[in-house]
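Engineer: If you want the building blocks of each chain, they are given just below.
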Amino acid sequence: MTLGRWSKLAALARRQGVLIAFVLLVASMFATTSTFGTYQNLINVLQQNSIIGIIACGMTFAIILGGFDLSVGSVTALASVVGATIMIDLGVPGIPVGVIGAVAACLLVGATNGWLIAWLGVNPFVATLGTMTVVRGLIYVATNASPRFGVPYSFTTLGMGRVFGVPNPAIIFLIVAAVLGFVLHRTRFGHYVYAVGGNPVASAQMGVNAARVRFAVYVLVSLCAAISGIILVGQTASATPQAALGYELTAIAAVIVGGAPLGGGRGRMGGTIVGVFLLGVVANGLNLFGVSPFWQPVATGLILIAAVAFDGYSKRGGFGFV
Amino acid sequence: MTENRVGDPPDALLRAEAINKNFGAVVALQDVSLQIPRGEITGLVGDNGAGKSTLIKIISGVLTPDSGVIEFERKAANFTSPAEAREQGIETVYQDLALAGNLAVWANVYLGRELTVGPKILHILDKRAMLSKTGEMLERFIRNVPPIAEPVELLSGGQRQVVAIARAGAWGSKLILMDEPTAALGVAETKAVEDVIFGLKRQGLTILVISHNLDQIFRLTDGVWVMRRGRVIGYRQTARTHPDEIVSMITGAAASAGAGA
Chain B
1 MTLGRWSKLA ALARRQGVLI AFVLLVASMF ATTSTFGTYQ NLINVLQQNS IIGIIACGMT
61 FAIILGGFDL SVGSVTALAS VVGATIMIDL GVPGIPVGVI GAVAACLLVG ATNGWLIAWL
121 GVNPFVATLG TMTVVRGLIY VATNASPRFG VPYSFTTLGM GRVFGVPNPA IIFLIVAAVL
181 GFVLHRTRFG HYVYAVGGNP VASAQMGVNA ARVRFAVYVL VSLCAAISGI ILVGQTASAT
241 PQAALGYELT AIAAVIVGGA PLGGGRGRMG GTIVGVFLLG VVANGLNLFG VSPFWQPVAT
301 GLILIAAVAF DGYSKRGGFG FV
Chain D
1 MTENRVGDPP DALLRAEAIN KNFGAVVALQ DVSLQIPRGE ITGLVGDNGA GKSTLIKIIS
61 GVLTPDSGVI EFERKAANFT SPAEAREQGI ETVYQDLALA GNLAVWANVY LGRELTVGPK
121 ILHILDKRAM LSKTGEMLER FIRNVPPIAE PVELLSGGQR QVVAIARAGA WGSKLILMDE
181 PTAALGVAET KAVEDVIFGL KRQGLTILVI SHNLDQIFRL TDGVWVMRRG RVIGYRQTAR
241 THPDEIVSMI TGAAASAGAG A
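As they're listed, the protein sequences go chains B and D. Numbering-wise, the first sequence is residues 1 to 322 according to this note's numbering. Numbering-wise, the second sequence is residues 1 to 261 according to this note's numbering.
Derived from the structure by calculation, the hints contain no laboratory data. The structure displayed is predicted, hence computed values, not measured ones.
Where chain D lies over chain B, by a calculated footprint (3+ residues, C-beta under 8 Å):
1) 182 to 196
2) 199 to 210
Computed spacing ranges between beta-carbons, pair by pair:
3) D:Asn48 with B:Pro297: 52 to 58 Å
4) B:Leu24 with D:Leu115: 38 to 44 Å
5) B:Asn209 with D:Arg240: 43 to 49 Å
6) B:Leu42 with D:Pro147: 39 to 45 Å
7) D:Glu84 with B:Thr156: 55 to 61 Å
8) B:Asn209 with D:Glu150: 22 to 28 Å
Ideal Cβ placement from N, Cα and C applies to all residues, glycine included.
All chains should be modelled from the sequences, with the hints used to inform the complete structure.
Structural biologist: Quick look at the structure:
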């Protein structure tokens, strides 16, 4: 009886380990600090994690496909620099042009990644490390490494505005997560992402065009990075060439913590969202407890390792009482 | 070369005429002609390098011959891709690359042929329909249908092969090609896979199976083609031959007795 109950609990912990950890974390935050549960703080957590969250939604596809995309940080910066530059030059009427220009520039990078990986067979690490470095370099060349100021102030509605008290970036994150979650879990395209990530040879034999799926995924990841970059402009009315440095690794960490292993074929959009907020709440907690922000990457790294170790450990046969 | 005319099977679903295939200087198939009788299980045996796999790849459209004609249902059928062959009703069961382990049984059965609902452009999966129809499809060939909602990687090797073979038969196909379908399986699992192969035959499908296991060939097949060094040595009806005769045809011990190649 008790054994059965324990093994049920263990099975639950195996499947929903991250979610349980997240719930425990949030509960203990509520219990230990009164500031955590304030409206302002919760809004802050949402606001701060939306940009990474949007990137992580795209990254989920790349990781399930068996790859990843290191260029997203550079692409985010590219979107904000291109978008901001056009908006500064053209003023308020140039806002849509800026958005379109930013998206187009990013899709070009995504298409390059996709082409290299899908048709030339370049390893995703090498391909996206390359474009990450090239794109960042081009941004420095074009801006002379100096920030762009003077985006029309009205554009900050996108980054700073709220609807019914919810920050716009968080709303955009929720929309992106809902749409991409639907695409991943309910459509044929999402199904093919799992199939190609699980067994590319078998998928091709059964008539799945693996190259087209790969190409589409890397374009999709860049689109997510473009959205994040545009929101970044909306938050600061400016663009910095150094923006979004290291975002690629935070996004990958969030996806992995959310339960998608690097080997591909596995993972869920819901897991990624939990992963994003798990890392986000830990960072917020460190902040609330007055710990130096320099500790934040330490915490992120430790959580990443703990999550992966737990995953591997539970797959190898679980705990003693299973 | 001429001997194979003697035992030619009567009603051929597929006919290969004078197929030649070279890989650089290596002659893989030389003037290969054979027929696969409709509704039967036909064996294809020969030593390593005899050209069996190359022939199967040509029939299934993976490779194209340098010369020669394939006729399927009395129509020219020199396929240029596996998809083309599949469209005409020729399915291949590959040794162990056939299934995506992370996908459920139903998802593997429907891989590349998903049922969708709603607006065409969205391609929304109709999981419920695929789940229930997978059950129906597999029950036609399999006595103990594995759990169709579970990922394939949780199944045993035998169950996986059973799923792969049943999938090949599930799509209105006419001819199923199998390359060593039980090479990695234990005794009980081999039995289960052979039962599925008989199940396909009962449904009227034609099967061509490569195997090194002569016991299996004699259990399964109605007739058997023997190849050696890229040539067809001959055809025997299983009921009218003996393993010793097949072995001597495979090894060439009977060459002087009349194969003449």
